[in-house]
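With the hints as extra help, turn the sequences into a complete structure.
Residue numbering for the sequence shown follows our numbering, beginning at 57 and increasing consecutively.
Derived by calculation from the structure, the hints in this document are not laboratory data.
Each statement offered as a hint is correct.
Straight line, CA to CA, 25 angstroms or less: simulated SDA-like cross-link-like pairs of lysine to any residue:
{"hint": "1", "residue 1": "Lys-174", "residue 2": "Leu-142"}
{"hint": "2", "residue 1": "Lys-174", "residue 2": "Glu-144"}
{"hint": "3", "residue 1": "Lys-153", "residue 2": "Asp-132"}
{"hint": "4", "residue 1": "Lys-153", "residue 2": "Gln-97"}
{"hint": "5", "residue 1": "Lys-311", "residue 2": "Arg-248"}
{"hint": "6", "residue 1": "Lys-140", "residue 2": "Ala-105"}
{"hint": "7", "residue 1": "Lys-216", "residue 2": "Pro-191"}
{"hint": "8", "residue 1": "Lys-174", "residue 2": "Leu-164"}
{"hint": "9", "residue 1": "Lys-174", "residue 2": "Thr-186"}
{"hint": "10", "residue 1": "Lys-284", "residue 2": "Ile-272"}
{"hint": "11", "residue 1": "Lys-178", "residue 2": "Arg-104"}
Computed Cβ-Cβ distance ranges for the label pairs, DEER-style:
{"hint": "12", "residue 1": "Tyr-100", "residue 2": "Arg-133", "range": "30 to 40 angstroms"}
{"hint": "13", "residue 1": "Thr-271", "residue 2": "Ser-81", "range": "33 to 43 angstroms"}
{"hint": "14", "residue 1": "Gly-235", "residue 2": "Thr-271", "range": "19 to 29 angstroms"}
{"hint": "15", "residue 1": "Leu-101", "residue 2": "Ile-192", "range": "13 to 23 angstroms"}
{"hint": "16", "residue 1": "Glu-246", "residue 2": "Val-96", "range": "19 to 29 angstroms"}
{"hint": "17", "residue 1": "Arg-138", "residue 2": "Pro-290", "range": "38 to 48 angstroms"}
Remember, predicted model here, so these are calculated numbers, not experimental data.
Every residue, glycine too, gets a C-beta built ideally from N, C-alpha and C.
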Amino acid sequence: MSKPHGIRRWAKKTIRKISGKKSDSSLLAFDDVRRSLEAVQERYLGYRAIPLDRVIGSVGRYNDFNAEFRIDEHLDRTRKDRIKELMERDEILPPVKLYKIGDAYFVLDGNHRIAAAKELDKEFIDADVTECVVPIPFQVGDDEPREAILDAEYRLFLEKTHLDILRPHHQPIEFSTHGRYAVLYRHIQEHRYFLGIERSAPVSLEQAVISWYDTIWTPMVLLINKHKILECFPGRTEGDLYIFIMNHRWVLSQKAGVDVGPEEAIRHFCLEGPCPAPV
Numbered sequence: 057m058s059k060p061h062g063i064r065r066w067a068k069k070t071i072r073k074i075s076g077k078k079s080d081s082s083l084l085a086f087d088d089v090r091r092s093l094e095a096v097q098e099r100y101l102g103y104r105a106i107p108l109d110r111v112i113g114s115v116g117r118y119n120d121f122n123a124e125f126r127i128d129e130h131l132d133r134t135r136k137d138r139i140k141e142l143m144e145r146d147e148i149l150p151p152v153k154l155y156k157i158g159d160a161y162f163v164l165d166g167n168h169r170i171a172a173a174k175e176l177d178k179e180f181i182d183a184d185v186t187e188c189v190v191p192i193p194f195q196v197g198d199d200e201p202r203e204a205i206l207d208a209e210y211r212l213f214l215e216k217t218h219l220d221i222l223r224p225h226h227q228p229i230e231f232s233t234h235g236r237y238a239v240l241y242r243h244i245q246e247h248r249y250f251l252g253i254e255r256s257a258p259v260s261l262e263q264a265v266i267s268w269y270d271t272i273w274t275p276m277v278l279l280i281n282k283h284k285i286l287e288c289f290p291g292r293t294e295g296d297l298y299i300f301i302m303n304h305r306w307v308l309s310q311k312a313g314v315d316v317g318p319e320e321a322i323r324h325f326c327l328e329g330p331c332p333a334p335v
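So this is what it looks like as structure tokens:
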């Protein structure tokens with residue numbers, strides 16, 4: 057991973073500690089994280105005691121609980137309260153079922169048991185665990201989970217593209233939400249395909265990465281900064297805007313029957329959004 061990216065991640069973590077703020081209060085969606093980290097292979101780990109502070113998401117109930125597993129105020133708490141009473145009486149409950157990705161866990165079955173255990177300040181819970189194997193090292197540790205996932209996604213992107221080797225002085229590509237490095241990789245593969253047609257010859261992934269970065273990514277980012285579009289989208293990154301504008305460019309090009317180009321895509325994007333149109 058490039059050094060500037062690591063420094064930015066450290067800075068975000070430090071600011072969060074000083075301010076006491078969390079970047080997001082919701083649980084993570086298991087399927088989204090699994091897809092983003094390409095954790096396809098599964099292996100059964102069996103029964104074990106799991107630290108509750110490592111449970112960061114859910115398979116199907118991620119909208120019903122916040123990051124601390126407090127139930128949404130609009131939902132019924134009866135089931136959770138009943139489970140809490142059983143725990144207080146030391147009744148034996150079935151283990152929760154969890155998926156493990158790196159050192160993080162996601163609830164398949166037992167969201168209310170997790171919520172009750174956390175309210176009782178328990179540190180561990182018995183769980184039946186299945187691991188989803190990530191192709192690169194992934195540890196959340198003390199980091200904010202979303203930042204850790206974005207960091208792992210970027211490392212996976214670099215491992216596949218070798219952008220950090222092919223363009224060692226490139227500015228780190230950052231996103232505000234996970235799942236978008238996979239979109240970038242698809243852009244590179246599509247660029248590789250059309251480049252092959254244009255050259256009437258096979259194009260290697262390495263050649264496609266260099267061409268995409270030099271002729272598509274970099275010019276678009278320069279235009280985004282030239283027109284100060286990020287100022288209109290607080291909390292977003294150059295990467296986010298690149299995806300938004302490229303999607304907009306595709307829609308406009310489909311309607312026009314010809315590629316409208318980056319300048320027109322940005323102009324039209326700003327007309328429909330909060331930014332003044334570039335002149």
